[in-house]
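Starting from the given sequences, assemble the full structure and let the hints guide the process.
Protein chains in written order, with full-length UniProt numbering: chain C, 1 to 286; chain E, 1 to 286.
Hints were generated in silico from the structure; no laboratory data involved. Mixed in with the good hints there might be a few duds.
Label pairs and their in silico Cβ distance ranges [stated by the list, open to error]:
1) Glu156/E with His112/C: 40 to 46 Å
2) Pro253/E with His112/C: 26 to 32 Å
3) Gly166/E with Glu193/C: 37 to 43 Å
4) Ala213/C with Arg117/E: 57 to 63 Å
5) Lys241/E with Arg2/C: 44 to 50 Å
6) Asn146/C with Asn19/E: 33 to 39 Å
7) His87/C with Gly195/E: 55 to 61 Å
8) Gly63/C with Gln144/E: 21 to 27 Å
9) Ser95/C with Gln144/E: 14 to 20 Å
10) Pro278/E with His87/C: 36 to 42 Å
11) Trp69/E with Gln248/C: 50 to 56 Å
12) Asp26/C with Trp69/E: 28 to 34 Å
Positions of the beta carbon are idealized from the N, C-alpha and C atoms, including for glycine.
2 protein chains.
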Amino acid sequence: MRCPDGEEFAISTDTMVENVHFFPDDPPETLGRKLLRCNLSDLAAMGARPHAYTLNVTVPRGGRHDENWFAAFSRGLAEDQKHYGVHLIGGDTTSISGPLVLSATVFGLLRHNTALRRSTARPGDDIWVTGTIGDAALGLLVLQGNLQDPSAFLVERYHLPRPRTGLQLNGIVSAAMDISDGLIQDCGHIAKESGVQLVVDTEAVPLSSAAAALGREWLMQRLCGGDDYELLLTCTPGHSKALQAACQAAEIPVHRIGTVRAGSGVRLLDGEGHEILPKQGGWQHF
Amino acid sequence: MRCPDGEEFAISTDTMVENVHFFPDDPPETLGRKLLRCNLSDLAAMGARPHAYTLNVTVPRGGRHDENWFAAFSRGLAEDQKHYGVHLIGGDTTSISGPLVLSATVFGLLRHNTALRRSTARPGDDIWVTGTIGDAALGLLVLQGNLQDPSAFLVERYHLPRPRTGLQLNGIVSAAMDISDGLIQDCGHIAKESGVQLVVDTEAVPLSSAAAALGREWLMQRLCGGDDYELLLTCTPGHSKALQAACQAAEIPVHRIGTVRAGSGVRLLDGEGHEILPKQGGWQHF
Chain C
1 MRCPDGEEFA
11 ISTDTMVENV
21 HFFPDDPPET
31 LGRKLLRCNL
41 SDLAAMGARP
51 HAYTLNVTVP
61 RGGRHDENWF
71 AAFSRGLAED
81 QKHYGVHLIG
91 GDTTSISGPL
101 VLSATVFGLL
111 RHNTALRRST
121 ARPGDDIWVT
131 GTIGDAALGL
141 LVLQGNLQDP
151 SAFLVERYHL
161 PRPRTGLQLN
171 GIVSAAMDIS
181 DGLIQDCGHI
191 AKESGVQLVV
201 DTEAVPLSSA
211 AAALGREWLM
221 QRLCGGDDYE
231 LLLTCTPGHS
241 KALQAACQAA
251 EIPVHRIGTV
261 RAGSGVRLLD
271 GEGHEILPKQ
281 GGWQHF
Chain E
1 MRCPDGEEFA
11 ISTDTMVENV
21 HFFPDDPPET
31 LGRKLLRCNL
41 SDLAAMGARP
51 HAYTLNVTVP
61 RGGRHDENWF
71 AAFSRGLAED
81 QKHYGVHLIG
91 GDTTSISGPL
101 VLSATVFGLL
111 RHNTALRRST
121 ARPGDDIWVT
131 GTIGDAALGL
141 LVLQGNLQDP
151 SAFLVERYHL
161 PRPRTGLQLN
171 GIVSAAMDIS
181 DGLIQDCGHI
191 AKESGVQLVV
201 DTEAVPLSSA
211 AAALGREWLM
221 QRLCGGDDYE
231 LLLTCTPGHS
241 KALQAACQAA
251 EIPVHRIGTV
261 RAGSGVRLLD
271 GEGHEILPKQ
281 GGWQHF
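So this is what it looks like as structure tokens:
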């Protein structure tokens, strides 16, 4: 694999395990795509453009994953390869007496020393997110039988993340990461690695109409659930317009959800600016 | 990951699954090392020098792989990182209700367009192998209780391959691959990809003294067994001396085991030059 002059590789690798990261009856078309897209989301957060990937497939013995299954699995991957401009450069196939295991390592390209990082947020920056937050977490609750989703939008968001590739954020944002563990936890990652405090206005966190229809009582599930694969960004107020213009050019919605301050950790505010305090196993609203 | 000017990456990726590629009671020190070394062997066969790797570990639930296990696992990897000059640049850790699964993607560096290939053997070339062949296959038979190995040499060879990194074979050999599926099968790979026939003098295939002590009746197990991780090379006779000098400089034994001809497939000869013919499920000696 050759690297163009003046560029370097950003690399992301992920493993997905049946019954942990997906269900045995998930559509095979979506499985490889989800794995690929999670990694592409990571590349997007580094500001790298998709290039190539390797794929290791560990197939349960017993024949449940037959030629039809693989045809659908491959068809999904082929679609995404075309859509995101990545190609498969190799891999490994093994068998297992156990669940299906998929590992991908994805390579992106970017100019030397331009990778966006989590460790460079500064007090005074604004906090922004792309898209809407919490849909995939609610989609998982739907699949688990805990919620109704007449539109099937939430489940679709759980099965197929939309990595925010194609954004040009270098020189605009101060820090970036993709939201995979849940908004609050990932805000915590930026806070820790940058040595700052992130204050999030929970009312400003964008939500889809499908999520809004379920009501405010699912707020914490939306903010704590994972699998969003949206971008969490920090940006000095002077660059707000440039950030909005870059996102508009890529037709990606972006919303300001809070402020970076001196300090540590994450603080959540409700619509009146009152703090929502953490309690054992979750958050408590005062 | 940056690439020096004028160089490119050779990439190898492998997955190892408990109960398929290793035993649950294999020493944890050797597991990561075996995975790393299998990939390094692949890099050696391409003529690339080791650079970096990613590692994805999927850990069985239930606590069998505790801190002691991981300490030993990591200690083994740390030794090999030092020995082979590679460093870990990232990875993923996941859980599984099932066996341990390890995936590594290893990156090597080489000058543009100098990668050794399997598809470039030519009629008239000699066939060579490094080291001794069949030790790991016999080691597996020992572990399965089918053979005695008082020296423990064969089991050691099964647990810890010795990748032939450090050889400078570019411009000397015509084709190369590493022997992982078994000598005969891998000869078949070169035959197929190069569009030639490989004729192997089975008496010339080098064997260790531990293997020799078991007698001639294990010949076919040695030639068909896998996990050798030696190099299979083809080389025009005019370059024999250069090949031997390069191997001597790296202190790696190398032996001529046959000839490349026009045709297809693999032919095996016994000590008198008579052909050993394939039969259902193996080979028959006439």
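Do the hints match the structure? See the list:
The given range of 40 to 46 Å is respected by Glu156/E and His112/C, whose C-beta atoms sit roughly 44 Å from each other. With their beta carbons about 43 Å apart, Pro253/E and His112/C fall outside the hinted range of 26 to 32 Å. Between Gly166/E and Glu193/C the CB atoms are about 38 Å apart, so this pair conforms to the stated range of 37 to 43 Å. A hinted range of 57 to 63 Å for the beta carbons of Ala213/C and Arg117/E is consistent with their spacing of about 58 Å.
As the Cβ distance of Lys241/E to Arg2/C is approximately 33 Å, the hint placing it in 44 to 50 Å is violated. Taking the beta carbon of each, Asn146/C and Asn19/E are about 36 Å apart, inside 33 to 39 Å as hinted. Distance hint check: the CB atoms of His87/C and Gly195/E are about 26 Å apart, inconsistent with the given range 55 to 61 Å. Range check, Gly63/C to Gln144/E: Cβ separation about 26 Å, and the 21 to 27 Å hint holds.
At about 18 Å, the beta-carbon gap between Ser95/C and Gln144/E stays in the expected band of 14 to 20 Å. Range check, Pro278/E to His87/C: about 37 Å between beta-carbon atoms, so the 36 to 42 Å window is met. A hinted range of 50 to 56 Å holds for the C-beta pair Trp69/E and Gln248/C, which are about 51 Å apart. As the Cβ distance of Asp26/C to Trp69/E is approximately 31 Å, the hint placing it in 28 to 34 Å holds.
Taken one by one, the earlier hints fail for this structure at numbers 2, 5, 7, listed in ascending order.
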